[in-house]
Amino acid sequence: MDVVIENLPLYLEGFGVTLLLLLVGGLGALVIGTVVAAMRISPIATLRGIATVYTEVVRNTPLTLVVLFAVVIVPLLGPRIPFILSGFIALAVYTSPFVAEALRSGINGVAIGQAEAARSLGFGFAQTVTLIVFPQAFRMTIPPLINVFIALTKNTSVVGGVGFVAELFGVGRTLANANGNAVIAILIGVAIFYLIVTVPLGFLATQLERKWVVQR
Amino acid sequence: MSGAGVLFDAPGPRARRLSAILSWISGVVLLGLVAWGIMILNAPRESGGITLPGMFDPSRWEILADPEFWSFVIFTGVWNTLRAAIVAAVLAIALGVVLALLRSSPIGWIRIPTAIVIEFFRGMPVLLMMLFILLVAGTGQYWAVVAALAIYNGALIGEALRAGLASLPRGQREAALSVGMRPLQSKMLVEFPQAFRQMLPIIVAQLVVLLKDTSLGYIVGYQELLRVTLNNLGSFYGNRYLFTLWCVAFVLYLIMNLSLSWFARWLAKRGDRRFRPGKATPALDASQAILVTDATAEARGGETPR
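Sequence order for the protein chains is A and B.
Heads up, the first sequence is in my numbering, so the first residue is 1 and it goes up one at a time.
Heads up, the second sequence is in my numbering, so the first residue is 1 and it goes up one at a time.
Wrong hints could be hidden among the right ones.
One side only, chain A facing chain B, incomplete, derived with CB under 10 Å [unchecked claim]:
#1 38
#2 39
#3 50
#4 78
#5 80
#6 82
#7 154
#8 155
#9 184
#10 208
#11 211
Dumping the calculated DSBU-like pairs for lysine-lysine here, alpha-carbon to alpha-carbon at most 35 Å [stated by the list, open to error]:
#12 B:187 <-> B:269
#13 A:211 <-> B:269
#14 B:187 <-> A:211
Residues of chain A placed beyond 10 Å of chain B at every Cβ, according to the derived structure [as the list claims (entries may be wrong)]:
#15 5
#16 8
#17 9
#18 69
#19 73
#20 139
#21 158
Keep in mind that the hints were calculated from the coordinates and are not lab data.
For clarity, every value in this text was computed on a predicted model and none was experimentally measured.
Heads up, the beta-carbon is just placed ideally off N, CA and C, and yes, glycines get one too.
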């Protein structure tokens, strides 16, 4: 226990880096994911095809492989980018298809009768989408998106494991190597920091899902 | 909203022409991007006075013709990945069944600690668990990978099965009890088989995640596909083949994961409709499926999910 308390500043520093990876990677994933989701429902066939192939390929690639590409292969091609930046890009790319799927399933989840009713009342495309479909799709996408971010929180550990970034997992590994006699306490300390993020988010998702499922 | 055609009027000839033109333009832009990427990869590079050939230079790909290369990749790399994944999958399903039964027990002393344990294991990274088992239990890399994957996915599968049990119509249990079964008999013979069948597509989808996560073994030093290609063969043949080796690992992972994903999707489509009233597209993400199943069960006023 003493080791954990002594090294609390290190832990907090690692926790900060983890949160940074979560925020920047998550924002990047939201941007790419929204574009991919928009491409997937667009009337242009080529864009739909590109988005479908992208989703399938990235979803079935292990995160370790993506991070290794960003950390090992990209420097071979020339650009020397800092490891944390590679981490941001790898996490954003890896998470984007999951975001796209969450958004798409939200839009698909709105009953088709809602749009039909809006159209039969004389609403145009813009009105139907902004007034009828989106407000309902929005609440259906929030719980899945929270789940995507929970997974992303856990996935930041891979960046620390491969990418020489001192986030929570990296800090834990360094401390565990330095203090062989207190490995259990050190790693449980790391786990608690992850749980601080993931458990409340999971609780929030459950509450929102319960609240909104009735209104569907 | 599967039929997007409801949102706007049927396109006339002009709109169709416009969308065809845009389709061609985006196709050309895509081809341009791909060509640009290939050019970047293929450009020769100066490194300390030496000119290195581009990534698609034949001299970087000649190892693919070496039969020993393939036998090492397949019989050591792929085999170790699959070996860990299969053993972990079997253990995870077994653990999931046990956890689901404990978690839905009527006895609070069993139910609540199980719930806490499940939440604990679901909330932390698999990688951390691998490191923990490796350093604390000292089991060696193989069992660290297998045990961590089994515990993490077991907790998730257990939670999914528990949600499946809770979402069954109350009448199933009442009928079983009224024909004279004991509560345990009802759970094992009537409720559990239905819950398992309902959740099977989600369990298989979770197994795809498990297969992908074996690659985390790379970080704890288990000799799976990534470590075999990028590290072992990378240092045997030399750094100039790293890109080639990465591509080999990428393609092999895609083949394995895509076949399992398609199996999961086929299973979900084939699944019995009566278990999913009104749900056209089942969520294939396990955490999301658990949420939806729980919330639906509660809204329907069935047995309160425990």
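Right, here's what the structure says about each hint:
For the restraint placing residue 38 (chain A) at the interface with chain B, the shortest Cβ-Cβ distance is roughly 12 Å, beyond the 10 Å limit, so the hint is violated. For the restraint placing residue 39 (chain A) at the interface with chain B, the shortest Cβ-Cβ distance is roughly 9 Å, inside the 10 Å limit, so the hint holds. A cut of 10 Å between beta carbons decides the hint on residue 50 (chain A): the least distance to chain B is about 6 Å, and the hint holds. Taking 10 Å as the C-beta cut-off, the interface hint given for residue 78 (chain A) holds, the closest approach to chain B being about 6 Å.
For the restraint placing residue 80 (chain A) at the interface with chain B, the shortest Cβ-Cβ distance is roughly 12 Å, beyond the 10 Å limit, so the hint is violated. A cut of 10 Å between beta carbons decides the hint on residue 82 (chain A): the least distance to chain B is about 20 Å, and the hint is violated. Checking residue 154 (chain A) against chain B: minimum C-beta separation of about 4 Å stays under 10 Å; hint holds. Given hint, residue 155 (chain A) at the interface with chain B, holds; its Cβ is 7 Å from that chain's nearest Cβ, closer than 10 Å.
About 6 Å separates the beta-carbon of residue 184 (chain A) from the nearest beta-carbon of chain B, less than 10 Å, and the hint is met. The restraint placing residue 208 (chain A) at the interface with chain B holds, with a minimum CB-CB distance near 9 Å, inside the 10 Å limit. At its closest, the beta carbon of residue 211 (chain A) sits 9 Å from a beta carbon of chain B; the interface hint therefore holds under the 10 Å criterion. A distance of roughly 27 Å separates the Cα atoms of residue 187 (chain B) and residue 269 (chain B); the hinted pair therefore holds under the 35 Å criterion.
Between residue 211 (chain A) and residue 269 (chain B) the alpha-carbon distance is near 28 Å, which keeps this suggested pair within the 35 Å criterion. Among the hinted pairs, residue 187 (chain B) with residue 211 (chain A) is consistent with the structure: their alpha-carbon atoms are about 29 Å apart, no more than 35 Å. Look at residue 5 (chain A): its CB is around 20 Å from the nearest CB on chain B, clear of 10 Å, so calling it non-interface holds up. Here residue 8 (chain A) stays apart from chain B, with its beta-carbon at least about 18 Å from theirs, past the 10 Å limit.
No Cβ of chain B approaches the Cβ of residue 9 (chain A) within 10 Å, the least distance being about 20 Å, so the stated non-interface status holds. A beta-carbon of chain B is positioned within 10 Å of the beta-carbon of residue 69 (chain A); the least distance is around 6 Å. Separation of residue 73 (chain A) from chain B is inadequate, the least Cβ-Cβ distance of about 6 Å not exceeding the 10 Å criterion. Here residue 139 (chain A) stays apart from chain B, with its beta-carbon at least about 12 Å from theirs, past the 10 Å limit.
The claim that residue 158 (chain A) lies off the interface is violated: its Cβ sits roughly 6 Å from the closest Cβ of chain B, which falls inside the 10 Å cut-off.
Of the numbered hints listed earlier, those contradicted by the structure are 1, 5, 6, 18, 19 and 21.
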